[in-house]
Every structure is written in structure tokens, then in C-alpha cells.
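Model the full structure from these sequences, guided by the hints.
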Amino acid sequence: MKPIKFSLNGEEVELDLNPSLRLLDVLRDHFHLTGSKEGCGEGECGACAVLLDGHIINSCCFPLGNINGHSLVTIEGYSKTKRYKALEEAFSEEGGMQCGFCTPGMIIAAESLLNKNPHPTEDAIRIGISGNLCRCTGYNMIVKAVKRASEKGAGLW
Amino acid sequence: MKNISQSVPLVDYQEKASGKTVFVNDIQMDEMHYAKTVRSEKAHALIKNIIIPALPDGYFTVDAADIPGKNFVKIIGEDWPIFAKRTVNHIGEPIMLVVGKDKAVLEEIKRAIKIEYEELTPVFDFQSSAVHKHYSKGDFESLLEFPHRLIEHTYETGYQEQAYIEPQGLIAGLENDRKIKLVGSFQCPFYVKNAVQSALGWEPKQVRVIQAAVGGAFGGKEEFPSLMACQLAVAVNKIRKPIKMIYEREEDMLVTTKRHPSRIKLSGIVGANNRLLGIKAQIGLDGGAYVGLSSVVLARSMLAVSGAYAIPNLDVTGDVYVTNTVPTGAFRGFGAPQMIFAIEMFMNHLAEELKIPAYEFRMAHLAKQGDLTSTGGVFRDPIILNELIEKVAKVSGYHEKHQDYQANNRFKGIGMSCFFHGCGFTGSGESTHIKAQVKLRKDKSDQVFILVAAVDMGQGARTTLKKIVYDTLQIPASQVTFERPDTDDVPDSGPTVASRTVMIVGGLLARAAKKLRDQWVHNKETTVIEKYQQPDFIKWDEDSMQGDAYPAYSWGVNVVETEVDPVTYAVKVMGIWSAYDLGKAIDERIILGQADGGIAQGVAYGYLEVMRHESGMIKQRNLTDYIIPTSADVAPTQTFLVENPFAYGPYGAKGAGELTLVGGAPAVALAIEQAIKRQIHKIPATPEYIMELLNHETN
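If you're matching them up, the sequences are chains X and C in order.
If you read the first sequence in the working numbering, its first letter stands for residue 189, the second for the next number, and so on.
If you read the second sequence in the working numbering, its first letter stands for residue 1061, the second for the next number, and so on.
Derived by calculation from the structure, the hints in this document are not laboratory data.
The structure presented is a predicted model; accordingly, all values stated were derived computationally and were not measured.
Mixed in with the good hints, there may be bad ones.
Derived pair list, reagent style EDC-like, types lysine to aspartate or glutamate, alpha-carbon separation capped at 16 Å [unchecked claim]:
{"no.": "1", "chain 1": "X", "residue 1": "K273", "chain 2": "C", "residue 2": "D1503"}
{"no.": "2", "chain 1": "X", "residue 1": "K332", "chain 2": "X", "residue 2": "E281"}
{"no.": "3", "chain 1": "C", "residue 1": "K1472", "chain 2": "C", "residue 2": "E1460"}
{"no.": "4", "chain 1": "X", "residue 1": "K273", "chain 2": "C", "residue 2": "E1460"}
{"no.": "5", "chain 1": "C", "residue 1": "K1161", "chain 2": "X", "residue 2": "D217"}
{"no.": "6", "chain 1": "X", "residue 1": "K268", "chain 2": "C", "residue 2": "E1075"}
{"no.": "7", "chain 1": "C", "residue 1": "K1163", "chain 2": "X", "residue 2": "D311"}
{"no.": "8", "chain 1": "C", "residue 1": "K1584", "chain 2": "C", "residue 2": "E1460"}
{"no.": "9", "chain 1": "C", "residue 1": "K1632", "chain 2": "X", "residue 2": "D217"}
{"no.": "10", "chain 1": "C", "residue 1": "K1163", "chain 2": "X", "residue 2": "D217"}
Written out as C-alpha cells, the structure is:
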């Protein structure tokens, strides 16, 4: 079996692991990147979200083998960017986080949305983050946070 | 700080946003093993035989025979076994753990274990009462002797699942030969500690419990983690290696505690001038297979019987029925949401049958300062419900919309709920059971350490409690340290439940901080301990349920507007407006966040969240089957906070967390009721139920 090669948070990596492993497990157990969380294990909650070539995927439903040749960014890599900083500040200022378990995935969802649509309407934000469940906030403050980031961080996306 | 309510960033927002926060599943230990649970497949049966295959080296089973102490989870009474021994009483009941290093091998072993049962007849309906309570106010029976109208209705509510996004989990290992350390996701470090001491038969100093970050709880991590902790402690004691046990979502949904389904029968006696003179209430809660905390949940249901209204005569009975189903337990609101749903619907249904406007009927019965509570205590503090109602009615356009939607059949409706929530433990729980203690320690460098057992599970306790301390001490925030609780360091300030954290623990911390300020000497080590003392005016008799059930009451008004699809009967929530009196917000943004999250859960309880069992088997086993709101389902929410400081709360603060949930269900149900012009008697008001009402009931 050929090793699996991909870019992880900007670094080229090569793995000799079973390609049917869940990407989430490889990130957490092999790379100790624990910012991606397991909330449901079936692609429903989005706590495990990561960026594959800039688009959101649920890493709990993604086989490792499919990552070959692609670029993967987790919250650990994304949190070093200016775009992240804009989102982090906006989430804080608008009260867009409570327990914090869904937050990394929610921020990944926001990035994926803003990357495609830098000036989303409120409705577009509601649809854009609807694949990520949050049980604490009731979402309104998250929606406002994404809106605020898109405004204050204008030009970043 | 000029005004304590002025918002500050969460103390941990950067670590949370960037994924650096350490939740229990992020913790690794050397030589770490995993545990999986073997569970009953029967709702009620005798275990005749268990056949365990030959286990590979390094793999173990752990069951009731391995428990050195008592085979009960220490909660209130002794009824809930750590592992089933001879009888199983619900599907999913734990029988043993399998422990080892490879999770795939554990699954194979689990599958290979064969259990032979002799099935017994299961009970699923309300026939076997395990807890019965009664109280009265005035004399309900005597009302029957005078001219009156008697109107009766029965209301039903379903399960609700907490659906915290982080599933339950703990990790445990030995610190030394005679000391165990448990780290996990739970609300009550000392509940876990006491339960583990009882299971192992060990001394307090031999059990250390540390809170990991908690990814949401909502009551679901109040008593249930004690069961997991006992199992894990017994396993660690047996194999002498660290073990991690994290539930997967399906296991979590099938076996952890949920909100009690209820059936509430209300009989109202209406006298002259459409005055509601008395209510007779019969409240039944489905406790599941074991009572656990259900007796306390029942008490809160019973105490909420007259809702936001003052009713002179009450006759209230409550029962917890045991059934062969998953045990039910704590969930934000703790018995109040069921009762508030019932009484709010009842007030509207009474008015409808009396052919008078519901709004006026309700306004005429609102509780006022000086009125007697349902248990003959006194509402001592000002009640500003009128102000709250006026505020919400105005911004939501309640009266205009209500009139408009009533006059035509456009499948639109608007509903209003008025409600209260008793703050803190029921009755004299704080003074007789909890006896909270807090500690502040100042070191030689003048750094102040907050030592309490309060858990931040997302409600912002780390931020608000710290704010109370540095604001009272008038020192910079950076000079105060507040780590997650470790029972080796902190006194027992009580569980993180019952909307008591700010009012009780925060109140004690404010007092401790005042003392520390008074005796502040630079560079001198100082420790201040503060203990809870019940205000003298609070009198409560637990047996007769008479007196002041709570030291303070928070109040709220919710308005929900809905549209029902005339073809599919799907309900869409169009807008939510709320006003709350929770005394004083310690941090406005945090409170508004609680309000948004609470009402989202409360409204969803009323129309969206469906959980049922079939012959004892929960049918909704993941977040695909059990629908919680997404960002696309939640309507824009407007919340107003009206200050009404409570003399005994820190800065005037009362309870907040649960209040924001309890009024959601009746508000949405009343809106749906208006949209379809049919009375609603049960929640969730699903499209199927709406169709049934429209097809089979005339208005």
C-alpha cells in the first residue's frame, strides 16, 4: 500500500496507516490535534469540522485515504491566521460561545462560508452554519458574531 | 467597575475558540485502558446466566462482584445499582464493564458475551408510585359547597434529551496505592466524590475528583456522572491501571437521564366574577427504573403548581412512577417546565371555556408582593410582572397580532407565557443538606485564589464568579485566579445546579471578598472561609411542604409567534420576545446568552424535540433522529432585562439559568393553539398531533 501524502496545516506529511481510518481519529490520536471534537460520530453535529482545500468537511465521516493529495487545515492551523483572529474577537464580543465544545467547528464553518461569501446576509449565515449544532447559545449570538467578523474583517476574505 | 452588569470577555474565550480547551476526551494517561459497558437488552428480566469467553491477556470484565463498598450510586436514597446483579429493570441497564487497551477488541468481547434472561412483565404506565407527596393551601374541598364551575383538563409532556454536544465521559487512575483520581465532565465534583467513596468504601482523603472542561450539561451531568464514576473507580481498583470511559452519542442518548415525561390533571374551581378560587392538581412523573433525584424534581413540579398566579386554595398531590424505562433525572428547569406548561395552558383553557379574554383572566390572577405562595410562604419582594408583560407585549405587537390572528384563519398565532422560577435549592435544602462553604486565599504576592466547587459548563461561572471577587476587592482581574475545581483543594460549595451558582456561591464569595478586603495586609498570606446561613425569615417544613419554598423568585414573560403550514402542519417559529427579572445581571452578555439558549431549548421542548420509547427501547438514538434546533430553526430573539435587585443576592442577583427555559413550551404551544384554533393538551406539538387535532376535534 502506498503511503498517504497530504498537507496538514501547511506542512507536508506522509502516513503509513490504514486508509479506512476516520480522519478525526488520525488527527486526534496520531497528531494529537484535539481541537476537532467528536460530538456524534455521524456527521450531524459538526464539532469535528476541518477545512479540506478550504471547504468544510466533517472529519468523523471522512476516511483517511481520501485525503491523499489534498490540503487539510484544522483549528490548530487556522487559529494562526488573521481571519481566525477576526472571528475569535467577534465571537467574544457578540457572546458567540458558551461551553466551547462546538466553537472550533463553528469557526471552521464560518471560515468556509466567508471564504465563498465574504459579505453574507443573516439568512446566508443561518444556512451556512446550520450543519454545526450548538446547544448553549441558541445561535443568534453566533450569527451576529459571523456578521460582525465579516464587517470588521472586511478585506480578509 | 461602575456597573457590574457591563460585559467583559469570557476568561477562557481564546482557549475555547482555538480548540486548546482540554475536555476529558482530550486527556491521555500512560498505560491508558478503555472501558465499554455491557448492557441489558431486556426491559425487565432475571439474569439467569452470563457466559464470558476466554479473554485475551490484559482484558478484564468488571461487575457487581468487584464492588468493595455499596452497590448503589449515592444520590439521595439507595435504589440505583452501579451494576445490575440479579435483575435488570430497563433496557440499557449496565451489567458489567469490559476493560482493555484496544477499543476494537473490547467491542468484539462485548459481542461475544452472552447473557441468558428470564423475562418478567415490564411496566410502562403510571401504576407503581415510588414517591408520593401532598400539600394543600386554604381549603379546596369547601369550595364545592358554594356555587361554582368546575373545569378539568389533563396535560401531558414528553421526554426531553439534554443533548449537550460533548457526550458524557470520565478518566480515572490511581495516584498511589490507596488514592484514586477521577477527571471528567460533570456539574457536581462532590457528588462524584461522595458516590465513589461509597462504592469503594474508602475514606474522603482517598478520592480526588477534578473537573475537566464541560462541553454543555443542562442537568444531564448532575447525577448521571456519579454512576459512571462509580463503575470506573471499581474497575480502576480492580486492574490498578488508568481507564478512560467516553460514551458515544448513541449510548449517551439511550442510557443517560432525561427530562421526566409527565401527566398532570388540573381541576379548577371558578366562582363569582370569573375568579379562580382553587386548583386541585394531580401530578405524575415517569421516573424510569430508578428514583434517583426524581423526588426533588417532583417537589419542584408541585411547588410551581399555580405558576405566576396567586390562587387561594390548592390541593396538590404528586407521584413519581417507576417504570421499566431509562431513569429520568435533572434537566434545566427540574420539574418546573412540565408544570408551567400545564398551568399556562390551563389558564387559557379556563378563560376560553368561561368565554372571557384569556389575557385579562390571567392579569386578574397575577401574583403580587405580599401574596401567599402555593405553600403558604410569602412573596416578600416586589413582583414586577406587569412591567415585564407590558414591555414584551409592546415590542412584540402582541395585542394587535393576537386580535388579528384570532379573527381569521391564516394559520398564524402568537402566545404569551408568564412564569417564575424558585432560585436555589428547594425548601431548606441549602441549610440542611448542602451547607455550602467557599474559600478565598491570598498568597504572599497578593494573588487571590477562588476555591469553590462551582463548575463552568458554558454558563460562564468562571467569568462571573471571578468578576464578583475582583470587583468587590477592587483589584485587577489578573490578580484573581479561578481554576477548575479539584476536591483536594476546594471546599464543598455545593453542586452546580438549581440556578444557585451566582446567587448562593457568588453571594458567599462576595461576603468573603468583603472580609478579605477589610483584613487586607500587603504581602501577607490570608485565608477567608464563608459558610451559608439561611436568612432568618425563611421558614420551611419539609414534611408538610409548608412555608417559604425558595429564598427568592425570578420572573419571566415569553412571547412566541408561529406560523403553521396548512398542508404539512410543520410549525415555523417567526419571532421570540422575552423579558426577565433575575434581580441584577452580573454580566449582561452572559445573561443574554443564557436567555437565548434557554428559550431555544424551551420552545423546542414545546414543538420540536420528540423522544419516545417503544416497549422500553428509546427510539431516537442520535442527533439525526432526535431533532434539536439548528441555526436555521431558531427565530430572531429579543430579550429585555428589568432590574429588581434582591437584597440577599450578590449585587442583587437572583437565579437565571433555568428561568429562561421554563416558559418557552407554553408560549409556543399557545401560539400554535391560536394558529390552528384547537386546544393543545400535550407537547411536543408535532405535525402529527396538529393533524390529529384538526381532523378529529372541533373547536
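- prompt: What are the numbers of the hints the structure violates, in ascending order?
  reply: 1, 4, 7, 8 and 9
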